[in-house]
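Protein chains in written order, with my numbering: chain A, 1 to 210; chain B, 211 to 380.
For the record, the hints were derived by calculation from the structure and aren't laboratory data. Model, not experiment: these values are computed from the prediction. Hints are not guaranteed to be accurate.
Using 30 Å as the maximum straight-line C-alpha spacing, the simulated DSS-like pairs for lysine-lysine come out as follows [said to hold, decoys possible]:
| # | chain 1 | residue 1 | chain 2 | residue 2 |
| --- | --- | --- | --- | --- |
| 1 | B | K235 | A | K2 |
| 2 | A | K209 | A | K2 |
| 3 | A | K18 | A | K2 |
| 4 | B | K323 | B | K369 |
| 5 | A | K209 | B | K369 |
| 6 | B | K323 | A | K209 |
| 7 | B | K369 | A | K2 |
| 8 | B | K369 | A | K18 |
| 9 | A | K209 | B | K235 |
| 10 | B | K235 | B | K369 |
| 11 | B | K323 | B | K235 |
| 12 | B | K323 | A | K2 |
| 13 | A | K209 | A | K18 |
If we take Cβ atoms under 8 Å as the criterion, some of the chain B residues that face chain A in the derived model are [as the list claims (entries may be wrong)]:
| # | residue |
| --- | --- |
| 14 | Y222 |
| 15 | H223 |
| 16 | F226 |
| 17 | T227 |
| 18 | T230 |
| 19 | Q254 |
| 20 | L257 |
| 21 | H261 |
| 22 | K263 |
| 23 | A271 |
| 24 | I280 |
| 25 | E322 |
| 26 | F339 |
| 27 | G340 |
| 28 | T346 |
Where is the CB? At the ideal position from N, CA and C, for every residue including glycine.
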Amino acid sequence: MKTEDLILALSADTLPQKSVAQQLARAMPVATLISIAAFFAFWGPRPDIWEALGSAAVLKTLLPLGFVVMAAALALALTHPGTRHDMRSAALGLFVVLVIGAFATALLNAGFAGLIAALSTPSLVTCLLSIPVLALPVLVAVFWALSSGAALRPRLTGAVAGLIAGGLAASVYSIYCDKDMILFVVPAYCAAIASISVIGALLGPRLLKW
Amino acid sequence: MRAANRGDSAAYHRLFTAITPVLRKVVRARGTALGREGCEDVLQDVLLAIHSKRHTWREDAPLRPWLYAIARHKVIDAFRARGRHIELSIDEFAEGLPAAAGPDPMDGRDMEKVLGQLDPRAAEIVRAFGLNGETTAETAARLDMSEGAVRVALHRALKTIARLRERMIE
Numbered sequence: 001m002k003t004e005d006l007i008l009a010l011s012a013d014t015l016p017q018k019s020v021a022q023q024l025a026r027a028m029p030v031a032t033l034i035s036i037a038a039f040f041a042f043w044g045p046r047p048d049i050w051e052a053l054g055s056a057a058v059l060k061t062l063l064p065l066g067f068v069v070m071a072a073a074l075a076l077a078l079t080h081p082g083t084r085h086d087m088r089s090a091a092l093g094l095f096v097v098l099v100i101g102a103f104a105t106a107l108l109n110a111g112f113a114g115l116i117a118a119l120s121t122p123s124l125v126t127c128l129l130s131i132p133v134l135a136l137p138v139l140v141a142v143f144w145a146l147s148s149g150a151a152l153r154p155r156l157t158g159a160v161a162g163l164i165a166g167g168l169a170a171s172v173y174s175i176y177c178d179k180d181m182i183l184f185v186v187p188a189y190c191a192a193i194a195s196i197s198v199i200g201a202l203l204g205p206r207l208l209k210w
Numbered sequence: 211m212r213a214a215n216r217g218d219s220a221a222y223h224r225l226f227t228a229i230t231p232v233l234r235k236v237v238r239a240r241g242t243a244l245g246r247e248g249c250e251d252v253l254q255d256v257l258l259a260i261h262s263k264r265h266t267w268r269e270d271a272p273l274r275p276w277l278y279a280i281a282r283h284k285v286i287d288a289f290r291a292r293g294r295h296i297e298l299s300i301d302e303f304a305e306g307l308p309a310a311a312g313p314d315p316m317d318g319r320d321m322e323k324v325l326g327q328l329d330p331r332a333a334e335i336v337r338a339f340g341l342n343g344e345t346t347a348e349t350a351a352r353l354d355m356s357e358g359a360v361r362v363a364l365h366r367a368l369k370t371i372a373r374l375r376e377r378m379i380e
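Extracted from the complex, chain B is given alone in its bound form (with noise of 0.2 Å):
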């Protein structure tokens, strides 16, 4: 994490790499009700969050129960919003039967929302990092912006989505 408030990229990428199995264990085990893409919504929810407040740890303190601060306040901050529209688990009912093909699990449905609301070249962006993975320098070179200019666009897409979202399980 200090490495990632340098700037490392890496180092912040193996960061979330390792925290993400720990907190999805964690919201699965809260949220049997919300049904695997549910637990994913709000997983995403927690990393958005833990990413927009990386600054509010302090450097000389201990990283764990900050993570689990933030963690646990957004679970249950996200929970408490979802459960007013609580989707009833099928498996409950349905053990035995066939499973279907359905969607991937880790796939998050609330970000597919959000990104569409966001203005083309922004979710573009973002897009660019995530599903194909590019480096700054490839993105830029193929939206013709600065590295600068992309690095900029790219933090503050992250920041409308997070406000977005936010708004979204209000």
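Bound conformation, chain A alone (with noise of 0.2 Å):
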């Protein structure tokens, strides 16, 4: 077929083609709601949750909800070539750093003893096994999603695909955990949510390729 003849083809295709951002905004509740119907039939809500939601604990929730906003602009960024995301790195670096800081302050304060402490729970290893598993339909859903669009470094897409799946899992998730230290929540939310980012980077060549 000749070029020219490829391009009166190609120019007579004019159906309207969805953006990424509506086909993340129609997949991501779905998978959401599988999410949490998995959460509401093998974990279940913390007993005192109402009480955990009106305390301080109730960050361990919403933190990473403006998490996971962050990572999907910064998503929709890097697969829309021209785009610059400086800004939107920085604003999720920025907010890493934050908490990090939190969590430096309650180190120095605990001492390394206390993070020993905080961490010899049988809690850390449902922790670190839930989220991953409750993220799972959502980085199914982030991947379909971002696969329409076209990810010029599919590598570190595919990593921030896992940042949005494990930061709305550790959402879910905080609303079963009944663990509210820093010392533990920081450590062990971040080593779930940052498993499933690695998975996404490992996903990200071979589904984001276009």
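Please assemble the complex out of the two chains, which come individually in their own frames, going by the hints.
Structural data, given as structure tokens:
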């Protein structure tokens, strides 16, 4: 087929295509509902959930959601060639620095022994296993939506997709988790989210190819 | 491009006509080892990518950086994939030989293979627009389909083509 003929065929196809943001808005709620349904089937909220949501522990739920919004904004920039993403990367980076700062302050107060004590609980394993499982449907949805975009850096974009899925799963899981100390929450949640991010980075080059 | 995203086929065609010679030059400059036909295949890959990713251009952004980023990605990708079974150009040691009447250098080979894999009706529609330059209405009348159905069929066929070509160069 001649290139001129291909151009004619291409220019005849003017059906509108859904934007990546629209695909994301379509897929994310479905995946989140699946995740939440699984959560209520197998985990369930902690007994004192209403008191927890009225205290500082609500940050366990809200901060990951803010993180998800920032990661999603970055993922959208990464799938639109020619869009700068340094501001969005910086926002995400700043967020992580603040969280680590809070963790460092708590660590200085409690000392290393305090960290060991905080992490010496079976909740750690539950957390590290639960968040990735809850993240799975979201990860599938995010990859599906982002693959309609044009990722120039598929590995990085895959990692950010993992951050979206992991953040959302952490937020859901926090309804169950009854450990509220910074020394537990920050390392455990961050490690769990990072593990999804690594999975995303590994899958990115394969699934976001175009 | 803005008009094209609103469904203005003529404007979209003008855009492709304007950028194709530039892209061809870029591809040929990089791909002397692929031969003219191979370069045309890469060029068609780039055009398909521009088409299938057109929604990732933000209308308030300048078009050139977007276009360049898409083309660059696709050219690198195509050369990497085709590089594995690179064809040695005979031009380098056959200079001075009378030029054989080769196939049309504007002709891509990959496209024919891919069209052969489509279901006949889809291939027919793509050819109708390309080779015969038919309008939607003419194709619809000839194939006894509604115009909407022709539009959707063309859209799907081009998507399938992009996917098949992707698989082909892997």
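Against the structure, the hints:
1. Simply put, K235/B and K2/A have alpha-carbon atoms about 16 Å apart, close enough for the 30 Å limit, and the pair holds.
2. With a C-alpha separation of about 26 Å, the suggested pair K209/A and K2/A falls inside the 30 Å cut-off, and the hint holds.
3. As the CA atoms of K18/A and K2/A are separated by approximately 29 Å, the hinted pair is consistent with the 30 Å bound.
4. For the proposed pair K323/B and K369/B, the alpha carbon gap of about 15 Å is at most 30 Å, so the pair holds.
5. A distance of roughly 14 Å separates the Cα atoms of K209/A and K369/B; the hinted pair therefore holds under the 30 Å criterion.
6. The straight-line distance between the Cα atoms of K323/B and K209/A is roughly 22 Å, inside the 30 Å bound, and the hint therefore holds.
7. For a cut-off of 30 Å, the pair hint linking K369/B to K2/A stands: about 18 Å separates their Cα positions.
8. Distance restraint check for K369/B and K18/A: the Cα-Cα separation of roughly 14 Å lies within the 30 Å cut-off, and the hinted pair is therefore satisfied.
9. The suggested pairing of K209/A with K235/B holds, with an alpha-carbon distance near 25 Å, which does not exceed 30 Å.
10. Restraint check for K235/B and K369/B: satisfied, since their Cα atoms lie roughly 26 Å apart, inside the 30 Å limit.
11. With a CA separation close to 25 Å, the supplied pair K323/B and K235/B stays within the 30 Å bound.
12. Distance check on the hinted pair: K323/B and K2/A sit about 13 Å apart at the alpha-carbon level, within 30 Å; holds.
13. Of the supplied pair hints, the one linking K209/A and K18/A holds, its CA atoms being roughly 18 Å apart against a limit of 30 Å.
14. Evaluation of the Y222/B hint against chain A yields a held restraint, the C-beta minimum of about 4 Å falling below 8 Å.
15. Here the hint on H223/B is kept, as its CB sits about 4 Å from the closest CB of chain A, short of 8 Å.
16. With its C-beta approaching chain A no nearer than about 4 Å, F226/B sits inside the 8 Å limit, and its interface hint holds.
17. Using the Cβ-Cβ criterion of 8 Å, the hint placing T227/B at the interface with chain A is satisfied: the shortest such distance is roughly 7 Å.
18. At its closest, the beta carbon of T230/B sits 6 Å from a beta carbon of chain A; the interface hint therefore holds under the 8 Å criterion.
19. At a threshold of 8 Å, the smallest CB-CB gap from Q254/B to chain A is about 6 Å, leaving the interface hint in force.
20. Interface restraint check: L257/B against chain A, minimum CB-CB distance 6 Å, threshold 8 Å, status holds.
21. Hint on H261/B holds. Least Cβ distance to chain A is approximately 5 Å, under the 8 Å limit.
22. Because the smallest distance between the Cβ of K263/B and any Cβ of chain A comes to about 4 Å, under 8 Å, the interface hint for this residue holds.
23. Satisfaction of the interface hint for A271/B is found here, the shortest Cβ-Cβ separation to chain A being roughly 6 Å, below the 8 Å cut-off.
24. Checking I280/B against chain A: minimum C-beta separation of about 6 Å stays under 8 Å; hint holds.
25. A distance limit of 8 Å between C-beta atoms decides the matter here; for E322/B the minimum to chain A is near 6 Å, and the interface restraint holds.
26. Given the 8 Å rule on beta carbons, the hint for F339/B holds: about 4 Å separates it from the nearest Cβ of chain A.
27. With its C-beta approaching chain A no nearer than about 3 Å, G340/B sits inside the 8 Å limit, and its interface hint holds.
28. At a threshold of 8 Å, the smallest CB-CB gap from T346/B to chain A is about 7 Å, leaving the interface hint in force.
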